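S.K.: Letter by letter, the chains look like this.
2 protein chains.
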Amino acid sequence: MTKRPLILVTNDDGISAPGIRRLIGIMNKIGEVVVVAPDRAQSGMGHAITLNSTLYAEEVFIDDGPQKEFSCSGTPADCVKIAIREILDRQPDLCVSGINHGSNSSINVIYSGTMSAAIEAGLEGIPAIGFSLLDYSWNANFEGCDNFVKTITENVLKNGIPQGIVLNVNLPNLPKADIKGIKVCRQAKANWVEEFDKRKTPQGKDYYWLTGKFVNLDGGEDTDEWALENGYVSVVPTQFDLTAHHFIKDLNTWNLND
Amino acid sequence: MTKRPLILVTNDDGISAPGIRRLIGIMNKIGEVVVVAPDRAQSGMGHAITLNSTLYAEEVFIDDGPQKEFSCSGTPADCVKIAIREILDRQPDLCVSGINHGSNSSINVIYSGTMSAAIEAGLEGIPAIGFSLLDYSWNANFEGCDNFVKTITENVLKNGIPQGIVLNVNLPNLPKADIKGIKVCRQAKANWVEEFDKRKTPQGKDYYWLTGKFVNLDGGEDTDEWALENGYVSVVPTQFDLTAHHFIKDLNTWNLND
Numbered sequence: 005m006t007k008r009p010l011i012l013v014t015n016d017d018g019i020s021a022p023g024i025r026r027l028i029g030i031m032n033k034i035g036e037v038v039v040v041a042p043d044r045a046q047s048g049m050g051h052a053i054t055l056n057s058t059l060y061a062e063e064v065f066i067d068d069g070p071q072k073e074f075s076c077s078g079t080p081a082d083c084v085k086i087a088i089r090e091i092l093d094r095q096p097d098l099c100v101s102g103i104n105h106g107s108n109s110s111i112n113v114i115y116s117g118t119m120s121a122a123i124e125a126g127l128e129g130i131p132a133i134g135f136s137l138l139d140y141s142w143n144a145n146f147e148g149c150d151n152f153v154k155t156i157t158e159n160v161l162k163n164g165i166p167q168g169i170v171l172n173v174n175l176p177n178l179p180k181a182d183i184k185g186i187k188v189c190r191q192a193k194a195n196w197v198e199e200f201d202k203r204k205t206p207q208g209k210d211y212y213w214l215t216g217k218f219v220n221l222d223g224g225e226d227t228d229e230w231a232l233e234n235g236y237v238s239v240v241p242t243q244f245d246l247t248a249h250h251f252i253k254d255l256n257t258w259n260l261n262d
Numbered sequence: 005m006t007k008r009p010l011i012l013v014t015n016d017d018g019i020s021a022p023g024i025r026r027l028i029g030i031m032n033k034i035g036e037v038v039v040v041a042p043d044r045a046q047s048g049m050g051h052a053i054t055l056n057s058t059l060y061a062e063e064v065f066i067d068d069g070p071q072k073e074f075s076c077s078g079t080p081a082d083c084v085k086i087a088i089r090e091i092l093d094r095q096p097d098l099c100v101s102g103i104n105h106g107s108n109s110s111i112n113v114i115y116s117g118t119m120s121a122a123i124e125a126g127l128e129g130i131p132a133i134g135f136s137l138l139d140y141s142w143n144a145n146f147e148g149c150d151n152f153v154k155t156i157t158e159n160v161l162k163n164g165i166p167q168g169i170v171l172n173v174n175l176p177n178l179p180k181a182d183i184k185g186i187k188v189c190r191q192a193k194a195n196w197v198e199e200f201d202k203r204k205t206p207q208g209k210d211y212y213w214l215t216g217k218f219v220n221l222d223g224g225e226d227t228d229e230w231a232l233e234n235g236y237v238s239v240v241p242t243q244f245d246l247t248a249h250h251f252i253k254d255l256n257t258w259n260l261n262d
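For the protein sequence lines, the chains are P and V, in the order given.
The first sequence runs 5 to 262 under the numbering used here.
The second sequence runs 5 to 262 under the numbering used here.
One chain only, chain P, in its complex shape (with noise of 0.2 angstroms):
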């Protein structure tokens, strides 16, 4: 490629956070570099967007980076709406959003800002990437990242992605020595079994913080939990046309017109 690709990154966990920090830093080796991201932390968002309240979208400077850099006070999707509408001047040739810190490996994908920005970006026909590591905390220790990051980065720049996928990329959260590489895999079936837990307001009345425990219902081998318990970087083709095409047929047979 002669020019450089445009780049634009974003994430969930809000600009400031140290895993789009990394996450620019390294695509700056890699090409022209715009941030649009959340002003603070949209975890937990899905593919939130804002209908019904004002957005405002700044330039900020938060280190001596060469990149460009908003600040959105919208959600992930918003970000990524608002950056190609307003801020760029062309279409990316690229989106990345994350590092995020924390799985959105199996079921939560459904759940998850990053991944939203991520199929926002593949909605409008840009190649788009969702990183995450799994560990949730905000010291979380990114320096195990970067090969695999700019490896998967740069595949898909040279080979694109077809139409309609989007890539899920999860980071085991260990010593880099101790990855075993990078695997291909399908979103296992998982569940989250929430626990409410319940407590009283200082006035009497019930309220309820969710917390839930993560459960794998695959044993398969091919699927992004058993590649990350593995020590394996998973990446999974996510699609948004969410059509059960193979239930199509047997729904048919229902007696639908009678």
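The hints are simulated quantities; they were obtained by calculation from the structure and are not laboratory data.
Mixed in with the good hints, there may be bad ones.
Distance condition first, Cα-Cα at most 30 angstroms in a straight line; then the derived BS3-like pairs of lysine-lysine [said to hold, decoys possible]:
| no. | chain 1 | residue 1 | chain 2 | residue 2 |
| --- | --- | --- | --- | --- |
| 1 | V | 154 | V | 72 |
| 2 | P | 253 | V | 193 |
| 3 | V | 162 | P | 253 |
| 4 | P | 33 | P | 7 |
| 5 | V | 193 | P | 193 |
| 6 | P | 72 | V | 209 |
| 7 | V | 154 | P | 253 |
| 8 | V | 217 | P | 72 |
| 9 | P | 180 | V | 253 |
| 10 | V | 72 | P | 204 |
| 11 | V | 253 | P | 154 |
| 12 | V | 253 | P | 162 |
| 13 | V | 184 | P | 253 |
| 14 | P | 202 | V | 72 |
| 15 | V | 193 | P | 162 |
| 16 | V | 180 | P | 253 |
| 17 | P | 72 | V | 202 |
| 18 | P | 184 | V | 253 |
| 19 | P | 33 | P | 72 |
| 20 | P | 193 | V | 253 |
| 21 | V | 72 | P | 217 |
| 22 | V | 72 | P | 209 |
| 23 | V | 180 | V | 162 |
Keep in mind the model is a prediction, meaning the values are calculated, not measured.
Given chain P's structure and the hints, the job is docking chain V onto it.
M.R.: Only chain V this time, still in chain P's reference frame:
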């Protein structure tokens, strides 16, 4: 069925919206109804969940129907979680969400709080259906919906739905006599072309309203958009395994571990 089915009803427009009131009326004729719905409109929330804030759910009495009702401060997905874990004393036989004021056809499914509630129930192994009427107004006329909602619901109770699938039902905004029937469809390939309405605050700072135009990119006659435009109720089987299985083989040819 000798015992009346237990039906969980929720939505994303809020517990007092005309669409859910209509749905409760229909479901009261089919089974024992428990409503757990957001205390206010939650449209565009996607599959958001409340991780960093507290939740409440309290019993309310809105009309003189036989249903039990709980108003919840959370998102549609939160409502289903709290219903299953804290409110209901057994697993419901069915979860219905809606009737949404406005379309959740095509790509709208990924932004939809209505469908996120249905998917959340599906994750728990509960047969689930999201219903939406193609009229965004609060005064939408739901009269044409009754028989179609009843037929689809009774078919789901009779036939079941395989694990991993929920139904996304959209109803055209037409008088009952003009609706031609029910069509099983796939999700149309479509997109929103956003336009940001840029304004200035009284203090002179830029801000935006998100607006947009829906663009159907899909000429197929087997899509939900086609069905709705041609006077049919659309039923799309919708899955939450987002893996693009057809792309795994190609992805394995990439040089990810060189």
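S.K.: Could you run down the list of hints and mark each one as holding or not?
M.R.: Structure-based check of all given hints:
1. V:154 <-> V:72: holds (20 angstroms)
2. P:253 <-> V:193: holds (20 angstroms)
3. V:162 <-> P:253: This hinted pair holds, its Cα atoms lying about 17 angstroms apart.
4. P:33 <-> P:7: Between residue 33 of chain P and residue 7 of chain P the Cα gap is close to 13 angstroms, so the pair holds against 30 angstroms.
5. V:193 <-> P:193: holds (26 angstroms)
6. P:72 <-> V:209: holds (20 angstroms)
7. V:154 <-> P:253: holds (22 angstroms)
8. V:217 <-> P:72: Within the cut-off at roughly 29 angstroms; holds.
9. P:180 <-> V:253: holds (27 angstroms)
10. V:72 <-> P:204: Status holds; Cα separation ~23 angstroms.
11. V:253 <-> P:154: Answer holds: residue 253 of chain V to residue 154 of chain P is near 22 angstroms, not above 30 angstroms.
12. V:253 <-> P:162: holds (17 angstroms)
13. V:184 <-> P:253: Holds, because 20 angstroms separates the two Cα atoms, which is no more than 30 angstroms.
14. P:202 <-> V:72: Within the cut-off at roughly 21 angstroms; holds.
15. V:193 <-> P:162: holds (26 angstroms)
16. V:180 <-> P:253: Holds: residue 180 of chain V and residue 253 of chain P sit about 27 angstroms apart, inside 30 angstroms.
17. P:72 <-> V:202: holds (21 angstroms)
18. P:184 <-> V:253: holds (20 angstroms)
19. P:33 <-> P:72: holds (14 angstroms)
20. P:193 <-> V:253: holds (20 angstroms)
21. V:72 <-> P:217: Judged against 30 angstroms, a Cα distance of about 29 angstroms means the pair holds.
22. V:72 <-> P:209: holds (20 angstroms)
23. V:180 <-> V:162: Answer holds: residue 180 of chain V to residue 162 of chain V is near 24 angstroms, not above 30 angstroms.
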